[in-house]
Amino acid sequence: MSKLPIWLRMISNAAASLVLGFLVLPILAVVPASFNKASFIALPPRNYSGVWYERFFEDVEWQTSLYNSLQVAVIATAIAVVLGTLAAIGLRRLSGRWRASITALFLAPMIVPVVVTAVALYRSALDVGLSGTIFGMSLGHMILALPFVVINVGIALRGVDDNWLKAASGLGGGSWTVFRTITLPNIVPGIVGGAIFSFITSFDEVVVAVFLAGYSNKTLPVKIWESIRLEFTPVIAVAATMMIVLAIVLFAVAQFASRSQGNSAR
Amino acid sequence: MQTGLLLAPALLVLATVFVIPLARLFALAFTDPAGTMVPFETLLGSPVYRQVAFNTLVVAGSVTAICAVLAWPVAYVLSRLKGVWFIVALYGVLFPFWISVLVRTFAWMLLLERNGPLNKLLMGSGLTDSPISLLFNNTGVMIGMVHVLLPYMILPLYSAMSRIDRRLLLASDGLGAGLLDTFRRVYFPLCLPGIAGGATFVFLLSLGFFITPALLGGANAITLSMLIANFVNERLAWSLAAAGSIALLAIVLLIMGLTAKLLPLDKGMFAK
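Order-wise, the sequence lines are chains A and B.
Positions 1 to 266 (this note's numbering) are the ones given, in order, by the first sequence.
Positions 267 to 538 (this note's numbering) are the ones given, in order, by the second sequence.
Bear in mind the hints are in silico, worked out from the structure with no lab data behind them.
Be aware that a few hints might be false.
What the hints assert, rightly or not - Which bits of chain A does chain B cover? Going by a derived footprint, with three or more residues having C-beta under 8 Å, they are: (1) 33-45; (2) 66-73; (3) 110-124; (4) 133-146; (5) 212-219; (6) 222-234; (7) 247-254.
What the hints assert, rightly or not - To give an idea of the chain A side of the interface with chain B (calculated C-beta under 10 Å), a few residues: (8) Leu-28; (9) Thr-241; (10) Ile-244.
To be verified - A short list of chain B residues far from chain A (calculated; beta carbon distances all over 12 Å): (11) Val-285; (12) Ser-312; (13) Ala-331; (14) Ala-355; (15) Glu-379; (16) Thr-405; (17) Arg-429; (18) Gly-474.
Predicted model, so just to flag it, every value in this text is computed and none were measured.
Backbone N, C-alpha and C define an ideal beta-carbon position, used for all residues, glycine too.
Based on the provided sequences and hints, a complete structural model is requested.
As C-alpha cells, this is what we get:
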C-alpha cells in the first residue's frame, strides 16, 4: 500500500484531479456569464461586454441590497463577536458536564435546520414588529454566526496558559488588567477569525434573510434569490461574481490572520 | 460568579432570539383550533407528505453515498501529497466552503440548463442525441448538493487517512498480504471512522437543505424543508409548518444521538 503500483497511483491522481475540478470549476462559470452582451443568460456568451456591470452599479435596488447586506453583516458580526468572546472565556472556566452542555447549547444554531430557525424567527419577528427590518435580520444572522466565534475563540484560548493568569494576578493585576494584558493579546487571532466567519456567514445567508427581509430591506442574496425566480438576466451573474470576489478577499484575510495566529503561538 | 457574568449575555440573547422563538413555533403545532395532535395526523395521514418525507430521505441517502465514493481519491491523494501540491489540493477542497451556497447553486443552474454547456458536451461526445433534463428534478438537486457537501466528507476522511501509521501497511505487505487484502483488512477499517463521521455530517446537512433543492429541484422534487417554507409562505398554515419543523428536527436529533460518538463536535471540525 505504501508503494501503490504506478498504474493505480495514476488512476487515483486522475480521479482526484477530476473531483477537485468538479469542486472548483463550476463556481467560476458565473464569471463569463456575467460578461454577456445579450439580455438572457447563456454559457458561454456569444458576445462579451460589461453592460450588465453598468446595470448593476446604476440600479438603485441592487445598490441598496448590497448596502443592506453590508449593514446586516457588520451589526451581526459586532454583536456575535462581543457575546461569543465573553462566552468562550466563560466556558473555559467551567468544567465537566456544565461545559459540555452549555457548549452544545451554543452550537445548537448550527444543528437546527436553517429553515426551522428561519420560520421560527419569522413568526416571532412578526409578533414583535422586527419583521422586515435590518435589525431583525442582523439578530437572526448573529445567532447563526455565534457558534463560529465561540469555537474560534475557544481554540485560541487553549494557547493561554492558566499559570500566566495566576502569575499576573499574583503580581497584583486586577481581573480586567489580566484580561487586557494577558488573555486578549493571545486570543486576538481567534477573535479576528471568528469575526471573518461571522461576516461571511451573514453576508452569504439566504434563508433567514428571505423570511425576514420584507419588501424594503432586501439583502444582496435575497435580491439574487428573487431575481433568479423572476427575471433571470445576466445581472444576477454580476451580483454572484461580486459575492465571489468578496469571499476571495475575506479568504485571503483569514489566511493571513491564521498565519499570524500560528506565529504568535510559537 | 464571574463565570456566570461572562456567559450570561450570550445565554440571554440565545434564549430570546433562538430558544424562545423555536419553542413558540413548536407550540403552534399543539395549539391548533382543530385539535391538539391534528397537524401531526394531517402530515402523517397524507400520501403527498409521506412522499415528500420519503423523497427527502432518498435524496439525502444518495447524496451521502455519492459523496462517500467521490471523497476517496481526493482524501487519499491529500494524505500522500506534500509541499506545494498539497496546498493547491487543500485549497481546492476549502475554496468552495467560502463561496455562498446560493452562488454555487446559481452556477449549476447555468451549467445544467437544457441548452447549457453540460448538455452540449454530452451531445457533442455522442452520449445522447437530444438534451437530457438535468434541471428541476432529483438529478439536478443531487448534483448541486454533492457539490456543496463533498468537502464535509473529504476532510474527515482525509484526517482519518493521514493518521494511519504507514508501518502497519508495510507490515501487512511484509507478512505476504496482497494489495487487496491489505486494503480490505488494514487500510479500510482504519478509514471507517472518517467515512462514518463524514457520512453523518453530509446526511444531516442534506436533510435540512433548502436553497439547492428549491432552485434546482423546484416543484418536481420537493423536500421537507421546502414543504415547511411552503406551509408558511403559500398557505399560512402555521400549525403544519410547526409540526413539520418538529418532525425534521426530531429526525436530525435522532440521527445525531445514534452517531454521537462519531461526531467530533468539540474538536473544532466546524471551524474549517
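To see whether the hints hold, each was checked on the structure:
no. : hint    : result
1   : 33-45   : holds (count 5)
2   : 66-73   : violated (count 0)
3   : 110-124 : holds (count 15)
4   : 133-146 : holds (count 5)
5   : 212-219 : violated (count 0)
6   : 222-234 : holds (count 3)
7   : 247-254 : holds (count 4)
8   : Leu-28  : holds (8 Å)
9   : Thr-241 : holds (9 Å)
10  : Ile-244 : holds (6 Å)
11  : Val-285 : violated (8 Å)
12  : Ser-312 : holds (19 Å)
13  : Ala-331 : holds (15 Å)
14  : Ala-355 : violated (6 Å)
15  : Glu-379 : violated (8 Å)
16  : Thr-405 : holds (15 Å)
17  : Arg-429 : holds (15 Å)
18  : Gly-474 : violated (3 Å)
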